[in-house]
Amino acid sequence: MTKRWHWLSGLVILIANSLLVLLVRPDHHLVSALIIAWSLSLIEWGGVVLVLNWIDQRISILTKKVEKIRHAETPAHVLLSPHDPFYQLALQINYLQTHQRKVQRRMAGQNQEFATLLDYLPIGVMVIDRYRKVELANPAMEQFLQHRISDRRHPFTVDVNQFELANLINSALSERKSQHRVLKLPGSPNERTVDAQAIYTATSQDYFQVLVLLYDVTEVYAVEQMQLDFVSNASHELKTPVTAIAGFAKTLLAGAKDDPEKSVEFLQIIDQQSDRLVELINDVLTISHIESGNAVELETVPVGQQLASQVHLLRPLAAVNQVELVNQVPDDFIVATDQRKLDQIIKNVLSNAIKYNRPGGTVTVSIQQTPQEWALVVADTGIGISPQDQLRVFERFYRAEISHSNQRVSGSGLGLAIVRELVQALNGKLDLQSVLGKGTTVTMRFPSSQLTK
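Going left to right, the sequence shown walks through residues 619 to 1071 as this note's numbering numbers them.
Please note that a few of the clues may not be correct.
[Stated by the list, open to error] Taking CB as the label site, the calculated pair distances span:
#	residue 1	residue 2	range
1	Leu895	Gln990	37 to 47 Å
2	Arg748	Leu707	38 to 48 Å
3	Thr734	Tyr818	23 to 33 Å
4	Glu879	Ser1004	22 to 32 Å
5	Pro1065	Glu883	21 to 31 Å
6	Asn729	Tyr839	46 to 56 Å
7	Tyr749	Gln1006	33 to 43 Å
8	Ala690	Thr775	46 to 56 Å
[Claimed, not checked] Derived SDA-like pairs (lysine to any residue); straight-line CA-CA distance at most 20 Å:
#	residue 1	residue 2
9	Lys857	Tyr825
10	Lys683	Gln728
11	Lys875	Asn900
12	Lys720	Ile767
13	Lys751	Lys802
14	Lys751	Gln675
15	Lys802	Pro1005
16	Lys802	Tyr825
17	Lys802	Asn788
Derived from the structure by calculation, the hints contain no laboratory data. Note that beta-carbon positions come from the ideal geometry of N, C-alpha and C, so glycine has one too.
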């Protein structure tokens, strides 16, 4: 209530009492009656003002509380007597505030859960409004785009620089239709293959958003590529020896067996091609055996002598390829490791270095040693591996393109994949450095906590 209403109420009381006196006592005692009436009016007006002030105070308290609730503040509850006329109103406002607190807590919890889910979600998420500005993006999207995304609204083109992805989003915004595509994203250290979706969502004709989702399908496509490589390599590697064996066997049966010289020559070819088949089968069985998770059996292994033995066994292969084998590992070098696994590692790495070498090249085997680890290093002066092939040479059944183009290196494409699996089984690390046309160095590092000498 305002003071104007207080004065107006007093004036109404005064006029009413005066008119009452004039009607009741229109005689010579009029003046005294008016004075008495005005005095009573003053008293009544004072009472009315007190009541109005009390009402004004109650309304002011409740109004301020509602205002604070509206501004998301948390004022204390208004406590009134049950006999107070404003008791029920105050009680309902208190209930409203309690309900609002519960809703806010629930929404805060849901928002926190949603934010946590987005932060740890491996899927890249970005929300773009109808003005082509980013409303939301999670850390996974930043990793996909290799770019820090600002929390403030900004054009999505600031973050999305890859043409195919930008075109996908623009199509969804312009055509108001969801888009889907598998594309490549540049990344560090390797390029990624992603399944990209730009999902158009509209709550009304004028308001819509585009939800961008990026799924990393690099490994899925890598597995598919491995399967294609296996079919290609296996069919090629199987077809050649099987065709040779079948052809020369039929030739022998057709009468060539009666020529002793031709008979020996053809049987030697059949024997060589049989060895190729056995090698392929053994490699497949080896990789399958590693997958089954066979345990590591530690024992004291004379690595120096083991290397010398492998070098001796591989010298005929090196001689055929006109490659010199250089063993710089001391004969007395001994470690605690799994001898069978280490023997497979040495055989595969040395064979690879010989096969992919050049006439007159060398393969050097050496040892590096620190208090924390020891390393087996195999360096060759061969044909080298291109940067794009270096990313895949340790995949199963993959073989560098140069071997296919020259058609001079046979094998299953499992050698380096076997090496990687075995090195990991021994808690080691594998590193490959190569320059096309100059050579390759493969370094296998193992923990030396169990080094015995």
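Hints, one by one, checked against the model:
1. Leu895 - Gln990: 37 to 47 Å: holds (43 Å)
2. Arg748 - Leu707: 38 to 48 Å: Holds, at about 43 Å.
3. Thr734 - Tyr818: 23 to 33 Å: With a Cβ separation near 27 Å, threonine 734 and tyrosine 818 satisfy 23 to 33 Å, so the hint holds.
4. Glu879 - Ser1004: 22 to 32 Å: violated (44 Å)
5. Pro1065 - Glu883: 21 to 31 Å: Once the Cβ atoms are compared, 51 Å apart, the range 21 to 31 Å for glutamate 883 and proline 1065 is violated.
6. Asn729 - Tyr839: 46 to 56 Å: violated (36 Å)
7. Tyr749 - Gln1006: 33 to 43 Å: Holds, at about 41 Å.
8. Ala690 - Thr775: 46 to 56 Å: Given a distance of about 35 Å, which is not inside 46 to 56 Å, the answer is violated.
9. Lys857 - Tyr825: violated (62 Å)
10. Lys683 - Gln728: Outside the cut-off at roughly 27 Å; violated.
11. Lys875 - Asn900: Violated. Lysine 875 to asparagine 900 sits at ~31 Å, over the 20 Å cutoff.
12. Lys720 - Ile767: Judged against 20 Å, a Cα distance of about 33 Å means the pair is violated.
13. Lys751 - Lys802: violated (23 Å)
14. Lys751 - Gln675: Roughly 49 Å between the alpha carbons, so the hint for lysine 751 and glutamine 675 is violated.
15. Lys802 - Pro1005: Given that 20 Å is the threshold and the Cα spacing comes to 18 Å, the pair holds.
16. Lys802 - Tyr825: Roughly 31 Å between the alpha carbons, so the hint for lysine 802 and tyrosine 825 is violated.
17. Lys802 - Asn788: Between lysine 802 and asparagine 788 the Cα gap is close to 17 Å, so the pair holds against 20 Å.
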